[in-house]
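Dock chain B with the ligands against chain A, hints included.
Each chain is listed here by its residues.
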Amino acid sequence: MNIVVCVKHIPDPNVPPEMDGDRLKRTGVQGVLDPGDEFGVEAALQLKEKAGSGEVTLVSMGPEQAREAVTRGLSMGADKGILISDDSLAGADALVTARVLAAAIKRNEFDLVIAGVESTDGYTGTMPGTLAEFLGVPQVTFVKSVESVDGNSAKVNRQTATGYHVVECELPAVMTVTAGVNEPRYASFKGIMAAKKKPLEQLSLGDLGLSGDEVAIKQKIAQITPAEERKAGEVFEDDGTGAAKIADFLKEAKVI
Amino acid sequence: MAKIWVYAEVHEGQLDPPALELLTKARDLGDAEAVVFGAGAKEAATKLGEYGASVVHASEDATFDDYIAQPHAHALFELIGQHSPDLVLFPNTYDSRDIAGRLSAKTGSTLMGNATDVLSVDKAQTSIFGGTQLVDVDLEGSPKLVLVRPKSFEPSASGGSATVQDVTVDLPDEVKKAKRVERHEEQSSGPKLDAAPVVVSGGRGLQEPDNFKLLEELAQLLGGAVGATRAVVDAGWVPYAMQIGQTGITVKPGVYIAIGISGATQHMVGMKGAKKIIAINKDEEAPIFSIADIGVVGDALKIVPQLIEEVKNRKG
Ligand SMILES: Cc1cc2nc3c(=O)[nH]c(=O)nc-3n(C[C@H](O)[C@H](O)[C@H](O)COP(=O)(O)OP(=O)(O)OC[C@H]3O[C@@H](n4cnc5c(N)ncnc54)[C@H](O)[C@@H]3O)c2cc1C
Ligand SMILES: Nc1ncnc2c1ncn2[C@@H]1O[C@H](COP(=O)(O)O)[C@@H](O)[C@H]1O
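Those protein sequences? They're chains A and B, same order as listed. Note that the first sequence covers residues 1 to 256 in the numbering used here. Note that the second sequence covers residues 1001 to 1316 in the numbering used here.
In isolation and in its complexed conformation, chain A is listed as follows (with noise of 0.2 Å):
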């Protein structure tokens, strides 16, 4: 079972987020790995393991800072990684960030891509559709559990607004899973040290025979504008009265 997992290199969600003009800052802040693709990782190499063979790449595309994520993923136990590295795809958009990866992930033979189901800065979710389609493949999102994978198909746990479906589809395929679906493993010592020596591809646009038009980044921010504020009320100490507080202003919204 040969596996490929999108990891994203993303700002620390811990520190407050920063503005480069008008888009997020990247280069000069402290980064993670995503922590919604150590879920992907961690469903790799479960699946990995189960059919006792195969190979679980990581893929990324970012900054060469990106490259500790991808360290960050093999110390977790995927055997390779590849990160695509270009200074003109700085700000790039889902649409070109698919037709990037898609074009990395295609090189070799695959049966299955999993990502996140949406990333924890850019957080829109539509880039693993996108990459299906550009893989020519289906795709099965909001995957909560998996229930088997065998070498022609996987038949998974879909979350939907109001419970769940169970979806069977043909491999090669895109998944997504949430956060939850696992538990994902630490790093050991052994793994960091390990990962060092793993194979880390970086490669450029040139390298994947994309250029011009094609990887030219169209989503153009016009304008941003603070937001009005909602204004904060009252906050009080409880002292007994509290409960009594809130069910005063209950009555008064006509709730009771």
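Here's a subset of chain B near chain A, in silico, CB distances under 7 Å, partners left out:
#, residue
1, His1184
2, Val1198
3, Arg1314
Think about it this way: if two alpha-carbon atoms lie no more than 27 Å apart in a straight line, the pair counts; the simulated DSS-like pairs of lysine-lysine are:
#, chain 1, residue 1, chain 2, residue 2
4, B, Lys1123, A, Lys25
5, B, Lys1176, A, Lys106
6, B, Lys1282, B, Lys1272
7, A, Lys251, B, Lys1252
8, B, Lys1275, B, Lys1213
Per the computed footprint, the stretches of chain A lying under chain B, defined by three or more beta-carbons under 8 Å from a beta-carbon of chain B, are:
#, region
9, 87-97
10, 110-123
11, 140-149
12, 165-171
13, 220-231
14, 234-240
15, 248-255
No wet-lab data here; the hints were simulated from the structure. Keep in mind the model is a prediction, meaning the values are calculated, not measured. Cβ coordinates follow ideal geometry from the N, Cα and C atoms, glycine included.
Just chain B with the ligands now, with coordinates in the frame of chain A:
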């Protein structure tokens, strides 16, 4: 006049309400039409007409109910080729995100996600950093593609009626690869969360899953529904259907009661549209207080049972 399409979802034969919100907006921007696929499409067309669609492109083909994303993107792409809409609006839901994502690769249009407003045929708006900043984005491509967060517009009927056009697109086997084989619904009693006038919502501050029973009791007394944060959904305390926020549902009730919820930006985007917000949290620094109309700093496990009694007393 610009031609604006609204992609409408039907589930188990029922029209999903966000399409009506989108049509209300679309008819202000140009000539509004709707596209609807799957069992119940024809019946939905009547309602779509009442909300401003002049034409509804409809197919009752069950393939759209059984298979994920591929048939829809394929058929939409064919229809776009035939009718050349300028802009296609999708609700920001599980299914539409997948479909719009695939369509973006086919048309080469950039896809704008998470929009909270559509300003014109080629400009849409989203909010970032927990709704503190508004970002206007120039849309690119033909047609332009936008996913709009549910509850961004108040639906209102226009009193129109639609011409229904049958969709005749072949669906080859290549688009039938991810199949729904079982459907499971998590039933809940009381009003639906996204339509409830009062939402009583709990977070990790409730300490353990059992304490959600208190919220259910309070919600029942107030004629409301119970919601939750992602932290407790991920922990398996309550089902995902109760998650409010960026990855969950958006609610705009008359009153939102946040209990043991810190107020992370990803949670707030799903509830800050409530008319009134009440917060109970033991930490006076909790960000939720910054948007609450009334806040009580204290132990939720002590306050909620008292509140239940106070409400009962006032109801008499
Ligand atoms: C990509 C992405 C998407 C996300 N989407 C969502 C989403 O859709 N919805 C969502 O909710 N979150 C979402 N999150 C998660 C979000 O960032 C927060 O982690 C989450 O909302 C926190 O939940 P919480 O408030 O229950 O927990 P915490 O942040 O742990 O807060 C618990 C609060 O309870 C208080 N407390 C503790 N004990 C008591 C007590 N006895 N009485 C009263 N108060 C008490 C504490 O002071 C604290 O403020 C998302 C995150 C990411 C990265
Ligand atoms: N630059 C990137 N490199 C690798 N994977 C990515 C990248 N951007 C997005 N992804 C993957 O796509 C998922 C959804 O991202 P998004 O569409 O940005 O919400 C993420 O959880 C990642 O798994």
